[in-house]
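Using our numbering, the first residue of the sequence shown is number 1, and each one after it goes up by one.
Just so you know, not all the hints are guaranteed correct.
To be verified - Below, in silico cross-link-like pairs of lysine-lysine (DSS-like), each with a Cα-Cα straight-line distance of 25 Å or less:
1. Lys-364 / Lys-67
2. Lys-368 / Lys-83
3. Lys-67 / Lys-81
4. Lys-129 / Lys-368
5. Lys-81 / Lys-368
6. Lys-83 / Lys-327
7. Lys-67 / Lys-368
8. Lys-83 / Lys-67
9. Lys-129 / Lys-277
10. Lys-309 / Lys-327
11. Lys-327 / Lys-277
12. Lys-258 / Lys-309
13. Lys-364 / Lys-81
14. Lys-277 / Lys-258
15. Lys-129 / Lys-83
16. Lys-309 / Lys-277
Claimed, not checked - Label pairs and their in silico Cβ distance ranges:
17. Ala-390 / Ile-189: 54 to 60 Å
18. Leu-510 / Lys-364: 24 to 30 Å
19. Asp-71 / Glu-357: 30 to 36 Å
20. Ile-131 / Ile-307: 23 to 29 Å
21. Gln-394 / Gly-435: 42 to 48 Å
22. Gly-110 / Ala-80: 30 to 36 Å
23. Gly-110 / Ser-69: 20 to 26 Å
24. Ile-189 / Pro-128: 54 to 60 Å
What the hints contain is simulated information worked out from the structure, not anything from laboratory work.
Using N, Cα and C, we set each Cβ at its ideal position, and we do this for glycine too.
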Amino acid sequence: MGYPLSLALRYLGSKKRAFISVGSAFATLGVTLGVAALAIVMSVTGGFQQQFREKVLGVNAHVLVLKYSIDFREYREIMAKVKDVPGVVGVAPFVINPMMVTHADRTATGVLLKGVDPDLMPTVLDLPKHITEGSLAGMRRPGAVPPARHVLNRSEPDPFRGAHADPRERAIAADGGDTPFLDLIRRQIEDDARTLDAGAPAEDEVPLSGTSPDAGASASAKGDGALLGGGVTPDGGYTSQLPTEDILPENIDPDPCKSPAQVAALPGVVIGRTLGKQLAVGLGDCLQVTSPTIGVSLGAAGARPPIAKQFRVIAIFEAGFDQYDSKLAYTDLYEAQAFYEQGDSVTGVEMKVDDIERAHTVSKQIEKLLSNGVYHTMDWHELNRGLFTALLIQQIGMSVVLALIIVVAAFTVIATLIMVVLDKKKEIALLKAIGARDDDILRVFLYQGGLIGLVGTGLGLVLGVAGCKALATYGFPLDPKVYFISRLPVNIRPTEFIITGAVAIVICLLATIFPALYAAWLRPSDGLRSE
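Using the sequences and the accompanying hints, generate a full structural model.
Below, the structure written as structure tokens:
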């Protein structure tokens, strides 16, 4: 490097012109702060990405196989096919549906009840690692089997309704299901009207007030039994009052949650810590889960009311992601299947791969293997595309904004070098007069700008690592309801620090080009003219 480097070092610490050394110090300080800020921000945003990815993959699989139908009964054949795909290390079925969960007088709506296979689920999900209380033992009751698929026989009345079935059901049952639904309803209404007309007494046969009971009885007997008998006066007279609370007797509506023996025999459920606090439940407590159907639904399986089932809390998990801790519950696959009476049918099949970065490739391989237009696959990134895209855009935007600090520091470098060149015009002219080449003069100022960038970048990286360590040790608290996590995440990745340092040095070198070229093109006569 020769004398250009010696001159660059001498010019940086000029004793003759104090403002030059002060300018060099401020330029170095600007680069240091810019590099440190950029490194810390990239580590924090990278920490958010890592934390969200861990939370998402902690309770979700890497690849899903779904079906364009609500009837997915051949899931065992699909599992046998996909388990041999290279990279797949675990396969399990699942059922997931929104439910309403109640305990005592507390209710939580929109809770996703996920039915899993207790034996296969640990090979796919990291749920056991997030359990803070209890265990998965007891999730599946001994001897449990998949529920049978319910199909209503329309040629027979519904045994749960008996003779008081809805006219629509009686019409459908009598017809066998071959006539359009509206025509059946119209026909049934007409039949009911004719029955009432035939059984009603004539106007002159209706007993008047004060007539004998026998007269009324003979008049009503003229109908063919269509009219109902009995009084209309309520028990206790018209001054009686209805009870304030609608409480059914225990023999009609038994509550299994009141008996410890019955609670111990209930199927198990695993809930999040936030949901447990919301419902004020703990291990061993009884929960009621109700399907969200309002009123009565009429479908292929017939008219069915909402289904309510009782569960026993066997474990509480804490994923650290408030959306999961408050809106997710796990139970046995067979118990979740029983809510919608589809039999041994699932929502989909989920898989775990050995390398999450290859999840998209594995997903495409599985989709190609099952290419029949009925199934489709999704990887973890596609399933949470909105979340991770927002995080990436946030990281890029904040990095670009904070990189402007380094650009501002680069202008300080330009100003410092211009002052050095103007102050050293005579020395530059003498060097050229005694034979210094233009490229030697150019290197003097390139070295000077490079040294400012190198020293500032080095100090900035050290300061950035120290700041990240301090944030990680202190654990800056966050509101989990806003940020979904409770502490400020920091992820120190050497690659990002190297990229940050390289960008800062390149910016500083680019900032030296103009002053260095001006000095290299300076003619000796121009430098000595003022003398």
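Handout entry: Enumerated hints in conflict with the structure, sorted upward
Key = 4, 6, 18, 21
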